[in-house]
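Novice: Protein chains in written order, with this note's numbering: chain U, 1 to 242; chain G, 1001 to 1252.
Since the hints were derived computationally from the structure, they do not count as laboratory data.
Note that CB positions come from ideal geometry on N, CA and C, so glycine has one too.
Any given hint could turn out to be false.
Below, a sample of chain U positions facing chain G; criterion: calculated Cβ distance under 10 Å [unchecked claim]: (1) 18; (2) 28; (3) 43; (4) 51; (5) 57; (6) 110; (7) 111; (8) 113; (9) 114; (10) 126; (11) 129; (12) 131; (13) 135.
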Amino acid sequence: MSPNLSTENELHRAARRELLKLVPLGLAGAFLFTEPQRWLLGKGLALSDAASHLTFRRGSMAQEFRNSAVTPFEKFPYNFWDVADPEIDLAAWTLTVEGLVKHPGDYKLADLQKLPRHEQNTRHVCVEGWDVIGNFGGTKLSEVLSMVGADTSAEYLYFECGDDYYQSIDMESALHPQTLACWEMYGRPLNRGHGAPLRIVIPTKLGYKQPKYVEKMVVTNVLRPGHRGYWEDQGYSWFGGL
Amino acid sequence: MRGKTVVHKPQQRFIPPVAVFRSRSGVERKVSYEHPFAVRFTHWLNAIALFVMAGSGLRIYLAFPAFGDKLPPHDFFRFPGRYTIGGWLGGALQWHFTFMWLFVGSGLVYVLYEVTTDNWRQILFMPRDIRGVWPMFRHYFLFGPKPEQEESYNPLQKLAYTGTILLGALSIVTGLILYKSGQLSFLIPPFGGYRMVRILHFVALVGFLGFIPGHFVMVIVHGWNNFQSMLTGFNFKPEYAEQRASEADNES
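When you get a sec, could you build the whole thing from the sequences and use the hints?
Specialist: Right, here's the structure in full:
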């Protein structure tokens, strides 16, 4: 504030000056126009994703629960974007592995089931706001990655699914000890609604980051535009980290 | 400041500075510099951010308008989506995750400014303010007599403004836990579980939605002079400046 307000004119000039100092707030008006709005919201989302990625710790565990806290099986929703049952031929199913791996190829479910079994009760959080605590069994995705000789210095895993869903995640999250290649829920083989024969479970990410009916996994450093994720390409956060 | 030096001891309450000027007709008058720049700037930035956070938050809520189990499907409360921001869940999340930075940023700068200056003494609700709340409420809402006011903010105002800081803190902490419920999972049990965190995040929104209409009514009741001082900082009302000046005299 000006210490020299000797006349009324000076006072009014000072008041006007103070008012003008608020003008930068008018920049927020850019949000009213379609093009700048799209750009700014994209930047805002990218900033939030970067912060999410930066604060992610591989050693930091999502909460695990006692068996008594697990949501009853019939209360675990079937959530899908298109169909609950993409009619995969389970007997002929293989997981196709491609990209930066030493041993690319088609892996049977029995190949995955030779890996150390892991089971956990973790919370499944939907971007919509609901949550369930599920029992998931399978193997750590990191075990699958080491079996296929994946280059874990690569940036991304890209998944394609039997229902034409597609998804990508960061390697850091893929190697998290609670990230599973899951073929069992509640002690039974995955049923079709829950993503049979294979779903990816990532309790440190939102539900839409956890593909079901997985048919293909690619280790890569490049995500082509339009191949970041089914929902991400329409505007969801890519990191989707919890 | 010419004419009068404002004196306030750090241990005592804060009084906005008063300046003396000569009016066009040659009379000496006083004016109070009520709202410093940091307060005005963060106020308006926060107003924008809160508008967007609330509007997009309501849209996000509509994606699952309930607080318990997902199954069986049920609505707790639903309202028309046209009164929300973002168009759909994904759009609303983009607004929410963009403006959260401005909301948190303006809140932090404001609180930092308040605690590093003596400004907080004006608005922090203290135990001694409790007895003044009911008389002020009676005056505003039940046509009771106007209580004697000794400070620049009355007890009800202090309660409201201190309350919004707490609502802001609640919305930020619960929002952060919802956003990073994996990394911050250790904070979930103290809040009574994940669903309770989501409920509390919504409670903070309802609190703001209760504060805002009351705030608007008060702004209208107190008129233009009061409103424009949140833009220019100066309160041109002569009585206001006189009262601040006499307070400063009493303090010194």
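Novice: Tell me, which hint numbers fail for this structure?
Specialist: Of the numbered hints given earlier, those the structure breaks are 6, 7, 8, 9 and 13, listed in rising order.
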